[in-house]
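**Q** Residue numbers (the UniProt record's numbering), protein chains in the order written: chain V, 1 to 104; chain W, 1 to 280.
What the hints contain is simulated information worked out from the structure, not anything from laboratory work.
Note that beta-carbon positions come from the ideal geometry of N, C-alpha and C, so glycine has one too.
There may be inaccurate statements among the hints.
Said to hold, decoys possible - Restraint ranges, calculated between C-beta atoms of paired labels, are given here: (1) W:Lys165 x V:Lys30: 24 to 34 Å; (2) V:Ile37 x W:Trp147: 21 to 31 Å; (3) V:Thr20 x W:Gly275: 33 to 43 Å; (4) V:Phe78 x W:Leu193: 41 to 51 Å; (5) W:Trp200 x V:Phe78: 21 to 31 Å; (6) V:Thr4 x W:Trp147: 25 to 35 Å; (7) W:Gly275 x V:Lys30: 48 to 58 Å; (8) W:Leu193 x V:Ile47: 52 to 62 Å; (9) W:Glu120 x V:Thr71: 50 to 60 Å; (10) W:Gly219 x V:Ser55: 32 to 42 Å; (11) W:Val204 x V:Ile37: 58 to 68 Å; (12) W:Arg112 x V:Tyr29: 39 to 49 Å; (13) W:Glu120 x V:Ser55: 31 to 41 Å.
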Amino acid sequence: MQPTSSLLGRAMRYRRLRLTTKDVNKGFYKGTGTGTIGRHTKHGGFIIEWEKVRSYVCPSLENFKLTPFVTKNVKKTFGEYEDRIGPKNPQLYLNRWKSENGLD
Amino acid sequence: MASSGAIRMRPAVMGVVVQSCRQAAKPSSLGPYINTVALSTTASVLKRHTYKGARDTRDHSKKRGESALRRTGTRWRLSMSDEPLPIPVPREELPFVETDPDHGLWDFFQDRKTVAQAPELDSQHGRAWQVEELRHKSWDDLHRLWWVCVKERNRISTAQWERTKSELGFGDAEAKTRDREVRFSMRAIKHVLTERFYAWEDAVKLAEEDPEVDLSGKGTPYTPSEYLEDELDGEAMYEADVTAAEEERNVKKAEPASAPAMIDPSEIPASKPPGEALRI
Numbered sequence: 001m002q003p004t005s006s007l008l009g010r011a012m013r014y015r016r017l018r019l020t021t022k023d024v025n026k027g028f029y030k031g032t033g034t035g036t037i038g039r040h041t042k043h044g045g046f047i048i049e050w051e052k053v054r055s056y057v058c059p060s061l062e063n064f065k066l067t068p069f070v071t072k073n074v075k076k077t078f079g080e081y082e083d084r085i086g087p088k089n090p091q092l093y094l095n096r097w098k099s100e101n102g103l104d
Numbered sequence: 001m002a003s004s005g006a007i008r009m010r011p012a013v014m015g016v017v018v019q020s021c022r023q024a025a026k027p028s029s030l031g032p033y034i035n036t037v038a039l040s041t042t043a044s045v046l047k048r049h050t051y052k053g054a055r056d057t058r059d060h061s062k063k064r065g066e067s068a069l070r071r072t073g074t075r076w077r078l079s080m081s082d083e084p085l086p087i088p089v090p091r092e093e094l095p096f097v098e099t100d101p102d103h104g105l106w107d108f109f110q111d112r113k114t115v116a117q118a119p120e121l122d123s124q125h126g127r128a129w130q131v132e133e134l135r136h137k138s139w140d141d142l143h144r145l146w147w148v149c150v151k152e153r154n155r156i157s158t159a160q161w162e163r164t165k166s167e168l169g170f171g172d173a174e175a176k177t178r179d180r181e182v183r184f185s186m187r188a189i190k191h192v193l194t195e196r197f198y199a200w201e202d203a204v205k206l207a208e209e210d211p212e213v214d215l216s217g218k219g220t221p222y223t224p225s226e227y228l229e230d231e232l233d234g235e236a237m238y239e240a241d242v243t244a245a246e247e248e249r250n251v252k253k254a255e256p257a258s259a260p261a262m263i264d265p266s267e268i269p270a271s272k273p274p275g276e277a278l279r280i
């Protein structure tokens, strides 16, 4: 007696792989990491919830001088902070807010 | 017997031909071995049409010599063969297409002639932004810098695609290094904004206990403790600042080369706190 070749061959190797959206006949849903845009209706339709829809806002780049790069002549700057929290210190944020935005 | 001269036909047609030409099968003027029965050209009978000068080629391909690319035309006469079809303009004579030099899509190209730029130019870039350098930037600056980075990555990606498609050659490694620096800048922007958000959340809690800050929404949100004590002096100090600046300017215009006058330190009004130093 011989084992069926498909049982030990490609079919069995396929069983070890992770399921994709194309596998399984019905009932199996696998998302793609893009998130939800709305909800389904019980009649099979779909309602878009515009609060969940992403919109990408690109501001005007006119007269903007910064580039993605910094000159290599300037050494990398690392912050020096007194306590262990460092830059996440809320007091620092508050002080900066007071000096920049507090007064008109 | 006369297989060399005979045309091969389908059995159904052959039967019809034989029936219609019963008196045939006698040797024709073309020769004793050529069966003229099968050469009947009655249109209703003959399914396969021939053209003048046709010869029996070995492969019996009806489309021999036909080419759309080389514009040979059809081998057989078709229903539209007599219609005057337009002849396409040769590529060299096509009209020049006017493009807008300020079109936004040009921002996808590193070079307008060759989409990708040479690797020597591609590797001429600086280093990525550090988190500490971006911590001092405003939201607007960070927002615009992000989109500048996005556009740069689009440019690099377009160049990569064109380089592989047109087989332009080397440049992949340089492009990857450039892309890496841009991605690190984008990472730093995200880091700063996340950090700032968490710090804001904690700062709101701190501000609730701060006497200088008023979070109710009515009145000024921030009143510095020094100003709380003597408000009038604050206004006077600001006015003195302005007049002192005007006087300095006048003095400079009148006597630019004269030595500076003796100044009493107690009379100098308190200046505003120094602003943020210029970042190179």
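**Q** Hint by hint, note whether the structure agrees.
**A** Right, here's what the structure says about each hint:
Between Lys165 (chain W) and Lys30 (chain V) the CB atoms are about 33 Å apart, so this pair conforms to the stated range of 24 to 34 Å. For Ile37 (chain V) and Trp147 (chain W), the hinted distance range of 21 to 31 Å is satisfied, since their beta carbons lie about 24 Å from each other. Between Thr20 (chain V) and Gly275 (chain W) the beta carbon distance is about 57 Å. The supplied range of 33 to 43 Å is therefore violated. Judged by the Cβ atoms, the range 41 to 51 Å given for Phe78 (chain V) and Leu193 (chain W) is violated: they are separated by roughly 19 Å.
Roughly 23 Å separates the CB atoms of Trp200 (chain W) and Phe78 (chain V), a value that falls within the hinted 21 to 31 Å. As the Cβ distance of Thr4 (chain V) to Trp147 (chain W) is approximately 58 Å, the hint placing it in 25 to 35 Å is violated. The supplied range of 48 to 58 Å is met by Gly275 (chain W) and Lys30 (chain V), whose beta-carbon atoms lie about 54 Å from each other. Checked against the hint of 52 to 62 Å, the pair Leu193 (chain W) and Ile47 (chain V) fails, with Cβ atoms roughly 32 Å apart.
One distance hint, 50 to 60 Å for the beta-carbon pair Glu120 (chain W) and Thr71 (chain V), is violated here, with the actual separation near 18 Å. Under the hint 32 to 42 Å, the C-beta atoms of Gly219 (chain W) and Ser55 (chain V), about 35 Å apart, fit the expected range. Between Val204 (chain W) and Ile37 (chain V) the beta carbons are some 32 Å apart, a value that contradicts the proposed interval 58 to 68 Å. Separation of Arg112 (chain W) from Tyr29 (chain V) is about 46 Å and conforms to the stated range, judged on CB atoms against 39 to 49 Å.
The beta-carbon spacing between Glu120 (chain W) and Ser55 (chain V), approximately 40 Å, falls within the hinted interval of 31 to 41 Å.
Hint check: violations occur at hints 3, 4, 6, 8, 9, 11; the rest are consistent with the structure.
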